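As given, the protein sequences belong to chains A and B, one line each in that order.
Position 87 of the first sequence, counted from 1, bears residue number 125 in the numbering used here, the numbering being contiguous throughout.
Position 211 of the second sequence, counted from 1, bears residue number 249 in the numbering used here, the numbering being contiguous throughout.
If you're looking for bench data, these hints aren't it; they were derived computationally from the structure.
Just so you know, these numbers come straight off a predicted model, no measurement behind them.
The reader is advised that the hints may include incorrect statements.
A pair holds if it fits inside one copy or across any two, identical chains being indistinguishable in the list.
As the list claims (entries may be wrong) - No more than 20 angstroms apart at the CA atoms, straight line, and that leaves these computed lysine to aspartate or glutamate pairs for EDC-like:
id, residue 1, residue 2
1, K70, D47
2, K182, D225
3, K182, E154
4, K231, D206
Number of protein chains: 2
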Amino acid sequence: MEIVCLLFDGITALDIVGPYEVLQRLPEADVKFVARQRGAVRTDSGFLALVADRALDEVTSADVLVIPGGFATRALERDADLLAWIRAIDTTTTWTTSVCTGSMLLVAAGLLEGKEATSHWASLDRLREYGAIPTGQRVVEQGKYVTAAGVSSGIDMALTLVGRIAGDEFAQTVQLGIEYDPQPPFDAGSVDKAPAAVVEVLSGLYARRGIASSSA
Amino acid sequence: MEIVCLLFDGITALDIVGPYEVLQRLPEADVKFVARQRGAVRTDSGFLALVADRALDEVTSADVLVIPGGFATRALERDADLLAWIRAIDTTTTWTTSVCTGSMLLVAAGLLEGKEATSHWASLDRLREYGAIPTGQRVVEQGKYVTAAGVSSGIDMALTLVGRIAGDEFAQTVQLGIEYDPQPPFDAGSVDKAPAAVVEVLSGLYARRGIASSSA
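Kindly produce the complete structure, drawing on both the sequences and the hints.
Here it is in structure tokens:
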């Protein structure tokens, strides 16, 4: 089971580490972290670096492809080489997945035209620019394409995928292994639940960073 | 706000990346990843490496200290240099925290004697070996000491901490930023909720890896 996780400078770390932590527990998982070139990439904050053991041209297939997000995806939507690599890997996958604005790369690669998909809430409407149909669900399955909402949703996406691949009981074993019994101290994890002032602050921030729909 | 995250070979990646992803969003956060020596550490699976920008002896204080877990902590409980470093940093902290079996290092360092604490469920009883009082709570606050249960619980712990440090509204902004509206596809994230067969499989695994209470 070859699981390929894309890395790039400006990545949001939890976007990829959440799914990795779940998927690496699959039987015979072989997880490969890949970036434009081998070596460390810096996450969006600049505080953390993750290591890609392989360059893009060293990876030509995957059973599961995971594309994470971050502010950096806005520029990567126009990265023809990366999009071509995503399209090429996708021809070999059983599952092609994304977390957060990683779905912007899947749509930019032309993989989700006419399909339902999700993304970070602030980028959700931008999926339409590439012909995908935004949904408010946290995890969206369309055949082999599975997209997840913002950042932390990759954990839910990956558990869903483990259930599909290895069965519900195995997925429950993974869930218990990572003790995923979430108890957030607040209930503000979606735009429907968060106070208006909280949504407003973040929407302004994202517009300035160029990922929000309003800046499209 | 100096946030110091410990790294070591054999770390469980989500243990530290969960809290990092939350805490890095604090106003004026300055997050430092530190390990015995500068450079990459390999996570427990061997598939991923995280980079420590600083060596232990380059970091002498922290506002927030985060100690993650992983199978490797069992050996680190006897690492006198590391425990001395933890004790030294702790004298400077406003908050000393752990995720998963990271609490085994806090108790081994003598910091939680007579205090309530938590850990990964499979290691929970082992806290007693060092004089701490295990609790079944997901996040346990004892003055400046905040311990969290297994792996994914570090996200809940860090959100709790952000609320304490920057107020509830700010913490809600962070929660919405990472779209933390968890919707696990199964309800098996704690030993109370998981099917008995699932608990049994994992308990056997952990006993063989030497982290379970029964192998103490």
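Unsatisfied constraints (hint numbers, rising)
Of the numbered hints given earlier, the structure breaks just one, which is hint 2.
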